[in-house]
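Sequences listed follow chains U and R, in order. So in the working numbering, spot 109 of the first sequence is number 109, and the numbers just go up one at a time. Each number in the working numbering comes from the position in the second sequence (counting from 1) with 1000 added on.
To be clear, the hints were calculated from the coordinates, so they are not data collected in a lab. Please read all numbers here as calculations on a predicted model, not as lab measurements. All C-beta atoms in this analysis are idealised placements derived from N, C-alpha and C, irrespective of residue type, glycine included. Take these hints with a grain of salt, some might be off.
[As the list claims (entries may be wrong)] Far from chain U, some chain R residues (derived; all Cβ distances over 10 Å):
hint : residue
1    : I1052
2    : W1095
3    : S1198
4    : D1208
5    : V1256
6    : G1312
[Stated by the list, open to error] Label-pair distances were calculated between CB atoms; the ranges are:
hint : chain 1 : residue 1 : chain 2 : residue 2 : range
7    : R       : R1065     : U       : L183      : 27 to 35 Å
8    : R       : S1260     : U       : A196      : 36 to 44 Å
9    : R       : P1068     : U       : P72       : 53 to 61 Å
10   : U       : T167      : R       : Y1314     : 40 to 48 Å
11   : U       : A196      : R       : G1174     : 34 to 42 Å
12   : R       : P1018     : U       : A216      : 56 to 64 Å
13   : U       : G5        : R       : W1311     : 55 to 63 Å
14   : U       : L24       : R       : G1259     : 47 to 55 Å
15   : U       : A196      : R       : Y1314     : 24 to 32 Å
16   : R       : G1342     : U       : I102      : 53 to 61 Å
17   : R       : G1259     : U       : G169      : 33 to 41 Å
18   : U       : A79       : R       : D1176     : 54 to 62 Å
19   : U       : L183      : R       : A1026     : 33 to 41 Å
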Amino acid sequence: MTSSGFVDRFRTGLWHENPGLVQLLGLCPLLAVTSSFVNGLGLGIATLAVLMASNGLVSATRRWIQAEIRIPMYVLIIASLVTCIELIFKAWFPALDRSLGIFIPLIVTNCAIVARAEIFASRNPIGSSIADGFVMGSGFALLLMTIGAFREMLGQGSLFARIDMLTGGEPMRGIVITDGGWLLAILPPGAFFSLALAIALKNIIDRRQQKKRQAAMPGRARRAAR
Amino acid sequence: MEFARRQSPYWSARVAVPSLMLQVLAALVPAAIAHVWFFGPGFIFNLLIASIFAVGGEWLAMHVRKRPPEVALSDYTALVTAALLAFAVPSLTPWWVTATGALFAIVVAKHLYGGLGFNIFNPAMAGYVVILIAFPMHLNLWIAPRMGDIDYQYLTVLQTLTYTLTGSLPDTLGFDAVSRATPLDVMKSGLNGMRTVSEIRTNPIMGDFGGRGWEWIGNFLAIGGFWLLIKKIIRWHIPVGVGVGLLLPATIMYFVDPGSHPSPGFHLFGGAAILCAFFVATDPVSAATSPKGRLIFGFGIGFLIFCIRTWGSYADGVAFAVLLMNMAVPAIDLVTRPRIVGHSNDGDGTP
Chain U
1 MTSSGFVDRF RTGLWHENPG LVQLLGLCPL LAVTSSFVNG LGLGIATLAV LMASNGLVSA
61 TRRWIQAEIR IPMYVLIIAS LVTCIELIFK AWFPALDRSL GIFIPLIVTN CAIVARAEIF
121 ASRNPIGSSI ADGFVMGSGF ALLLMTIGAF REMLGQGSLF ARIDMLTGGE PMRGIVITDG
181 GWLLAILPPG AFFSLALAIA LKNIIDRRQQ KKRQAAMPGR ARRAAR
Chain R
1001 MEFARRQSPY WSARVAVPSL MLQVLAALVP AAIAHVWFFG PGFIFNLLIA SIFAVGGEWL
1061 AMHVRKRPPE VALSDYTALV TAALLAFAVP SLTPWWVTAT GALFAIVVAK HLYGGLGFNI
1121 FNPAMAGYVV ILIAFPMHLN LWIAPRMGDI DYQYLTVLQT LTYTLTGSLP DTLGFDAVSR
1181 ATPLDVMKSG LNGMRTVSEI RTNPIMGDFG GRGWEWIGNF LAIGGFWLLI KKIIRWHIPV
1241 GVGVGLLLPA TIMYFVDPGS HPSPGFHLFG GAAILCAFFV ATDPVSAATS PKGRLIFGFG
1301 IGFLIFCIRT WGSYADGVAF AVLLMNMAVP AIDLVTRPRI VGHSNDGDGT P
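Pulled out of the complex, with its shape left as it was, chain R reads as follows (with noise of 0.2 Å):
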């Protein structure tokens, strides 16, 4: 495949990285107020939390480096790494298990690697790969979508923050009453049961494409998305490479056999796809260069998430596709080195 090539003049942009990862984080806001208003004020905790441990860790790493620590403050960098874990923590998270995810994120998936630019791994989904494998049981604890007609407790802002600082709720409530399984669980443990789609979707918490304010989620990150591809902030290859990668194997099981596998759209709205696709997978440092490489980088990501989703054991599989895609980059770049205008294509260096 071939891409249009830049011509000359080479006019520079005038971007730095704190604007842009201004722009990202401005980008998922409208995706946090939905969060907050279907699964209640604990993002704001997770947030907090995350931000202060990741922009301390950033602090210490920095100075134990002896390195200025207010350049790498000052980029934001730190705080999108927070952003993105406290969307991928339930709402209800012991605030020490946001603090490990957002501490081992910075400093070691970030700073043992060299610091921004040099980091292999997204830092954001290592550090929540540790606290999934370290924590299981707090990572599990989605409360329900905040719809008229779940039957559900809800819990008010000063249980919710009583969880966060002591991972504890009042005596009167159980998980049971509280927490609910996420679409993704409900349609792994039905189709486990044997049966069927159509079943498994007559569950209350299922929306019209995946679960129910879960896909309002994934609307808004969709135009946060959307607004950072015009805003030229990422480019398109990603997000793409990571929609066909999903939706392209999904749609193939779908129609063979719609019994025993959800439809692409519940892939594309039922979990983290959207998330990943326009957020996660689009980090400049630890994704491929060449866009032909960023092309099979996303399709890469999103063929792991449907191939974990379907036989995985995991029920969604985001973080862990983005890590090993990033294990793959440098396999990636070398095989999609773009050619050098008057050289031939194997690389020797001659016309």
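One chain only, chain U, in its complex shape (with noise of 0.2 Å):
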């Protein structure tokens, strides 16, 4: 793969198929686990890792796999997966696993995993499968982490908080920008008016940038593009 290529790819994951942002994939752990990020950033790692992981063996058994019986097969190579990722959750961050709860085993229903394994790892030698789980891993982590940030500053005043969770060592306040904040942002109602407040944005930069590019255009192409 060129490396212009695996940029392009790159963008593609992380904005314009973005599978939380756009193709609106795995929302209930987005929405469950956003209250801070340090949940955003553990659950977007255990996801990312499953993902890759899953993209991968499902590319390595692409040859053997029944198409009639592929979604099946999928579940369990994705349930096996998520099995280990669990475990080691359990074994060295088992503040941050108590702390996501339920939302570590049920990676395994995220569509978002599923969905991969059935549109790119199925057809695709390994190698990329694997480059497509980080890509869009990534997307899905960023979100998390991007939402995460925003309802913890909303709702409790602060950046990173318990960040010790994944780090280790004494329990941190993070960096406190003041005490107390807006409950709503932390309770369920916020997740879904982050996540739509995150669409807006995305869609008002997309429309934006569009409307650069055609003025951009000269005026034959641009009246095509209309």
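Got two chains here, separate frames each, mind docking them using the hints?
Dropping the structure here:
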């Protein structure tokens, strides 16, 4: 794979086809755990790892999996990988595991992962499937972290609080902006509002860029693009 | 059920949104005066703050949407939203709470959905639910009604204004000294504490039917509501639906077990049921459209209010009931589509 191809794919995964922001896949964990930056980061890393590994395994076994039973096979592969991740989290990040709770095992049902297995990994070689898992997983993880940071700042008035759940050490309060915050941002409605705002922001940026591109085109092409 | 069909000639009544909204505001005036009488001048401050932020939010939203702001400002709908919000919040409410509710109601619940005529949720109730969830402690501070024999420290106008602006009371007064549980709160906590309704009703805050002061505000709201009915600003279907939906289960439960279920009169006058029936649920934009649909819509609201009051964790459930039924409106409209004259009932277009 050429390097410019990878950059292109990265842009696709992070922006144009972001699993959470554009395809609206995996909304259950996205809405449920993003009450703080650390939670978003933790689940983002877990999802990224599962997505890369499952894409690789699905791609490696794609010649032997019968088309009729492919979905159960994907679920089996993903479930075993998620079990590994869950045990790793339990062993090394017990506090984060307690904080994320049921949403780590629930990665199995994250449709973004099955979607990548079905759309990409089942018809592409191993290397590029793992790369695809990496860019799509990063897009999902970045969205989780962004929404987590936004909600944490609004709802608790802090940023990166309890980052020690990942790094170890003494409990940390992170960067404290104010004490207390707007409770609604941490509650479930805040998750929906934050996601809606993020999608709206992306659409605004996309539309601006499209206008800029059209303005830069010569007259005939601009008329055709309309 | 069949409703009378309109016969020709179809004479159009000369009504427009501004005059409708002004008449709704006028119908709220007696109840507003009663509110100030019983619960002090805080209502006026809340109304002012809500109006300023609702109108300001409306101007801002129209400006951002590149539409002429004066169009939205001259139809007074923002003021009606502000007035309903002012009735919903306690008279002692810090300004930022009311302002958040008003801004959310106008900017998010109304203009993000496309402005007047496109909002699927009742703006005032959406704004109220947001502040109820975001600032639960501030919305619990109802003061006791100004009735001679209730042991209670009155706040002066200046003290009320100070609390509205700063959110703190004078050092000599605690929250416990000025605030009282509302009748519905007293009933709910009493019933949870395994006391009977007749025991709970000996509390000095209870009146003939609902709570003292509260039932008078309810009376004035009902007068305003009937005036709107006579002027044909609102139709009878939704108020009747809300009343039946609330009172039917209340009556049944009251006859089955009067010890643990308050009387229908208490349900009607104890909380915001009358305000809901005449002024909140009748919002023409977010309600169902056909007469039959409006009856179902109102009944659902009343029934949900009863359920939330009886089994829910909140003492009153008007806002939640209205929002839930707002969500059900598309389905209600679908199943209550009136038959087109000359067409069969199954809607396939054949006669």
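Taking the hints in turn, this is what the structure says about them:
The claim that I1052 (chain R) is not at the interface with chain U holds, since no C-beta of that chain comes within 10 Å of its own (minimum 21 Å). Separation of W1095 (chain R) from chain U is adequate, the least Cβ-Cβ distance of about 15 Å exceeding the 10 Å criterion. With a closest Cβ-Cβ approach of about 38 Å to chain U, S1198 (chain R) is found to remain outside the 10 Å limit, as its non-interface label requires. Once the 10 Å rule is applied to beta carbons, D1208 (chain R) is consistent with being away from chain U; the minimum gap is 38 Å.
Every C-beta of chain U lies more than 10 Å from that of V1256 (chain R), the closest at about 36 Å, which supports listing it as non-interface. Chain U leaves G1312 (chain R) outside its interface by the beta-carbon criterion, the shortest separation being 17 Å against a cut-off of 10 Å. R1065 (chain R) and L183 (chain U) have their C-beta atoms about 29 Å apart, which keeps the hinted 27 to 35 Å range intact. For S1260 (chain R) and A196 (chain U), the Cβ-Cβ distance of about 43 Å falls inside the hinted range of 36 to 44 Å, so the restraint holds.
Taken as a hint, the range 53 to 61 Å holds for the pair P1068 (chain R) and P72 (chain U), whose Cβ atoms sit roughly 59 Å apart. Distance hint for T167 (chain U) and Y1314 (chain R): a CB-CB separation of about 41 Å, consistent with the stated range 40 to 48 Å. Remark: the range hint 34 to 42 Å for A196 (chain U) to G1174 (chain R) is upheld by a beta-carbon distance near 41 Å. At about 46 Å, the CB distance of P1018 (chain R) to A216 (chain U) disagrees with the hint of 56 to 64 Å.
The hinted window of 55 to 63 Å between G5 (chain U) and W1311 (chain R) holds, with their beta carbons roughly 60 Å apart. With their beta carbons about 51 Å apart, L24 (chain U) and G1259 (chain R) fall inside the hinted range of 47 to 55 Å. Our hint of 24 to 32 Å for A196 (chain U) and Y1314 (chain R) holds, since their Cβ atoms are close to 26 Å apart. For G1342 (chain R) and I102 (chain U), the Cβ-Cβ distance of about 57 Å falls inside the hinted range of 53 to 61 Å, so the restraint holds.
One distance hint, 33 to 41 Å for the beta-carbon pair G1259 (chain R) and G169 (chain U), is violated here, with the actual separation near 58 Å. Remark: the range hint 54 to 62 Å for A79 (chain U) to D1176 (chain R) is upheld by a beta-carbon distance near 55 Å. For the hinted restraint 33 to 41 Å between L183 (chain U) and A1026 (chain R), the CB-CB distance of approximately 37 Å keeps it satisfied.
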